[in-house]
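The listed protein sequences correspond, in order, to chains R and C. Just so we're aligned, residue 1 is where the first sequence starts under this note's numbering, counting upward by one. Just so we're aligned, residue 1 is where the second sequence starts under this note's numbering, counting upward by one.
FYI, nobody ran anything at the bench for these hints, they're computed from the structure. No experiment lies behind these values; they were computed from the predicted model shown. Hints are not guaranteed to be accurate.
[To be verified] Here are a few chain C residues that face chain R, going by a calculated C-beta distance under 10 Å:
1. Thr179
2. Asp188
3. Leu190
4. Asn198
5. Lys206
6. Leu212
7. Asn276
8. Asn280
Glycine included, each C-beta is placed from N, C-alpha and C at the ideal position.
Protein chains: 2
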Amino acid sequence: MNNENNSEEIIEILRKAPKVALFSHVSPDGDCIGSMLAIGRALEKIGKEVSFYNPDPLPGYLAFLPGYSRIRQELPCPQPKILLFVDCSDLGRVNMTRSEIYGDSIVLNLDHHISNLFFGDFNWVDAQASAVGEVALTLIKRLGVEIDGDMATNLYTAIMTDSGCFEYSNTTAQTHRLTADLLDKGVDLLSIHNNIFNQKPLAQIKLLACALNGLEIHADGRLAIMTLSAEDFQESGAEQELSEGLVNHARSIAGVEVAVLLKEVGPEIKGALRSNLWLNVNEIAARFGGGGHQRAAGCTFGTPMAEAKQCITTAIEEALRIGRDH
Amino acid sequence: MNNENNSEEIIEILRKAPKVALFSHVSPDGDCIGSMLAIGRALEKIGKEVSFYNPDPLPGYLAFLPGYSRIRQELPCPQPKILLFVDCSDLGRVNMTRSEIYGDSIVLNLDHHISNLFFGDFNWVDAQASAVGEVALTLIKRLGVEIDGDMATNLYTAIMTDSGCFEYSNTTAQTHRLTADLLDKGVDLLSIHNNIFNQKPLAQIKLLACALNGLEIHADGRLAIMTLSAEDFQESGAEQELSEGLVNHARSIAGVEVAVLLKEVGPEIKGALRSNLWLNVNEIAARFGGGGHQRAAGCTFGTPMAEAKQCITTAIEEALRIGRDH
Numbered sequence: 001m002n003n004e005n006n007s008e009e010i011i012e013i014l015r016k017a018p019k020v021a022l023f024s025h026v027s028p029d030g031d032c033i034g035s036m037l038a039i040g041r042a043l044e045k046i047g048k049e050v051s052f053y054n055p056d057p058l059p060g061y062l063a064f065l066p067g068y069s070r071i072r073q074e075l076p077c078p079q080p081k082i083l084l085f086v087d088c089s090d091l092g093r094v095n096m097t098r099s100e101i102y103g104d105s106i107v108l109n110l111d112h113h114i115s116n117l118f119f120g121d122f123n124w125v126d127a128q129a130s131a132v133g134e135v136a137l138t139l140i141k142r143l144g145v146e147i148d149g150d151m152a153t154n155l156y157t158a159i160m161t162d163s164g165c166f167e168y169s170n171t172t173a174q175t176h177r178l179t180a181d182l183l184d185k186g187v188d189l190l191s192i193h194n195n196i197f198n199q200k201p202l203a204q205i206k207l208l209a210c211a212l213n214g215l216e217i218h219a220d221g222r223l224a225i226m227t228l229s230a231e232d233f234q235e236s237g238a239e240q241e242l243s244e245g246l247v248n249h250a251r252s253i254a255g256v257e258v259a260v261l262l263k264e265v266g267p268e269i270k271g272a273l274r275s276n277l278w279l280n281v282n283e284i285a286a287r288f289g290g291g292g293h294q295r296a297a298g299c300t301f302g303t304p305m306a307e308a309k310q311c312i313t314t315a316i317e318e319a320l321r322i323g324r325d326h
Numbered sequence: 001m002n003n004e005n006n007s008e009e010i011i012e013i014l015r016k017a018p019k020v021a022l023f024s025h026v027s028p029d030g031d032c033i034g035s036m037l038a039i040g041r042a043l044e045k046i047g048k049e050v051s052f053y054n055p056d057p058l059p060g061y062l063a064f065l066p067g068y069s070r071i072r073q074e075l076p077c078p079q080p081k082i083l084l085f086v087d088c089s090d091l092g093r094v095n096m097t098r099s100e101i102y103g104d105s106i107v108l109n110l111d112h113h114i115s116n117l118f119f120g121d122f123n124w125v126d127a128q129a130s131a132v133g134e135v136a137l138t139l140i141k142r143l144g145v146e147i148d149g150d151m152a153t154n155l156y157t158a159i160m161t162d163s164g165c166f167e168y169s170n171t172t173a174q175t176h177r178l179t180a181d182l183l184d185k186g187v188d189l190l191s192i193h194n195n196i197f198n199q200k201p202l203a204q205i206k207l208l209a210c211a212l213n214g215l216e217i218h219a220d221g222r223l224a225i226m227t228l229s230a231e232d233f234q235e236s237g238a239e240q241e242l243s244e245g246l247v248n249h250a251r252s253i254a255g256v257e258v259a260v261l262l263k264e265v266g267p268e269i270k271g272a273l274r275s276n277l278w279l280n281v282n283e284i285a286a287r288f289g290g291g292g293h294q295r296a297a298g299c300t301f302g303t304p305m306a307e308a309k310q311c312i313t314t315a316i317e318e319a320l321r322i323g324r325d326h
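Start from the sequences, fold in the hints, and give me the full structure.
Next comes the structure, spelled out in structure tokens:
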């Protein structure tokens with residue numbers, strides 16, 4: 001697999017194509033939408049006819065992105081010959097199979113996920129990039145299109161969201177250099193950050209209050225555990241997915257190595273586990289049939305809340321003890 | 001005032017000095033401490049004798065900064081001839097007056113505050129810099145000292161904290177370019193962000209729970225107001241200053257233009273006001289004898305909580321109404 005060669009062919013194919021259809025993944029985020037819109041605008045600047053597709057309804061907090069309203073939930077019909085997939089590790093990420101793609105189509109695959117399946121006829125996968133936005137910016141520069149303010153806003157949003165405001169360890173010197181180039185073109189930081197971070201549903205804030213009210217500290221302050229009951233979701237008016245990220249509040253407490261959020265979902269208890277410095281929560285989740293990464297994992301319990309809490313607390317306390325003794 | 005000329009003289013003076021005393025400001029933060037430590041290390045690399053001073057006890061969350069333990073709360077005695085003040089807009093920021101400085105001393109003033117009083121014999125104030133860390137990095141480069149990993153960690157922390165993780169509007173293309181140079185030298189992002197952001201006192205999380213439990217929404221969702229009573233502080237075990245920043249949780253709710261946190265401090269109610277996009281909260285605070293900036297201001301009430309809440313709610317509802325009608 002030689003990504004560098006493919007990138008050259010992708011540039012050439014895009015230069016010659018009269019029409020390009022762009023695709024981005026389910027559960028869309030700032031990176032796939034921002035990158036797709038920036039590339040589309042660049043292609044239009046050099047005379048291409050462009051369509052934008054996403055399988056899911058778009059989140060309202062991204063509505064400020066220039067071009068947002070042009071994204072369709074219907075597949076382009078007829079399909080143009082050149083199809084460019086943005087930020088998708090495989091075709092399943094756009095709810096598609098290869099059989100849905102016309103036989104003479106050329107599939108271009110632009111991504112930054114290390115898990116990418118190289119499903120394209122031509123692939124450009126940079127697993128060192130914090131966001132596909134970095135790859136998109138490089139692509140636009142190599143197309144010879146000058147970055148304008150709208151592209152900069154889209155690409156800044158892409159890079160900033162996927163790098164966690166430049167906090168995640170995927171952030172590199174290159175991430176910052178490319179971001180600097182975008183800021184040169186005019187980016188309204190205040191407005192972007194306001195749109196991305198200050199648009200939390202009220203129900204989510206109420207759910208946070210519920211979670212914090214039930215906060216428990218164990219293992220001499222090294223384990224913080226929060227719970228959300230079905231009633232908590234009902235009373236706050238929050239959907240399940242709004243609990244996403246709340247576990248980080250427990251993780252942010254001084255001295256805490258492991259944070260857990262247990263939530264009641266129908267007859268099950270779903271657990272989100274996070275660790276700060278050393279504990280492998282993937283191993284702990286695996287003991288309950290779950291998994292994930294060393295610092296972030298999840299598992300599901302078929303027992304009532306009290307029992308699930310007891311199980312996970314005991315397992316983590318033991319792991320913390322063993323870790324300390326070794 | 002010609003800052004550029006002064007920067008050259010400051011470089012020359014530092015090159016020639018055998019001893020340099022470094023000073024940083026009260027209520028120390030990542031920017032002043034990180035910048036001071038990086039400059040000190042650079043000066044030592046070119047053979048200078050260096051001392052580090054801060055008038056206040058240092059916050060524990062900065063203990064990971066290389067060189068942290070060398071900072072003293074006692075003024076250097078005897079004073080060396082060259083005194084370099086870092087991140088201080090005036091001598092009051094180090095609890096000093098000019099009379100405490102020996103007559104033949106040379107005062108160097110390195111800062112980025114637009115309010116800087118140019119109190120030094122030589123001044124290098126770059127009000128475009130997001131952090132004095134940017135100025136410190138430029139100074140070290142111009143001294144001809146190569147940035148090492150320890151300096152990079154200190155300077156990255158300085159820039160990252162004062163630019164609000166590159167979110168505040170003081171962040172420029174230059175901020176990102178300098179940060180890229182630091183990442184080239186080796187910076188452990190995970191560890192730094194963990195030290196800075198995941199060290200919240202448990203009492204602060206409990207105080208957040210209190211604030212969220214009392215959250216009220218007014219003005220068709222555009223005003224979010226929270227209160228903290230003396231009992232809330234007592235029961236959570238939190239000091240007054242731990243309420244800092246909690247108002248941002250109210251500000252982050254979708255549709256909210258103004259967020260207010262009222263807290264009981266002795267016989268008074270102190271209000272923190274924040275706006276997201278357009279309302280001038282400085283004007284509102286001024287009506288109650290307070291002030292600040294357009295998007296962040298504060299004021300104090302001599303009345304009980306219920307009355308203060310009524311006053312500020314009415315004033316903001318009116319301002320929101322007028323703003324909408326215009």
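Here is what the structure says about each hint:
no.: 1; hint: Thr179; verdict: 5 Å, holds
no.: 2; hint: Asp188; verdict: 8 Å, holds
no.: 3; hint: Leu190; verdict: 5 Å, holds
no.: 4; hint: Asn198; verdict: 5 Å, holds
no.: 5; hint: Lys206; verdict: 8 Å, holds
no.: 6; hint: Leu212; verdict: 4 Å, holds
no.: 7; hint: Asn276; verdict: 6 Å, holds
no.: 8; hint: Asn280; verdict: 15 Å, violated
In summary, the one numbered hint that this structure violates is 8.
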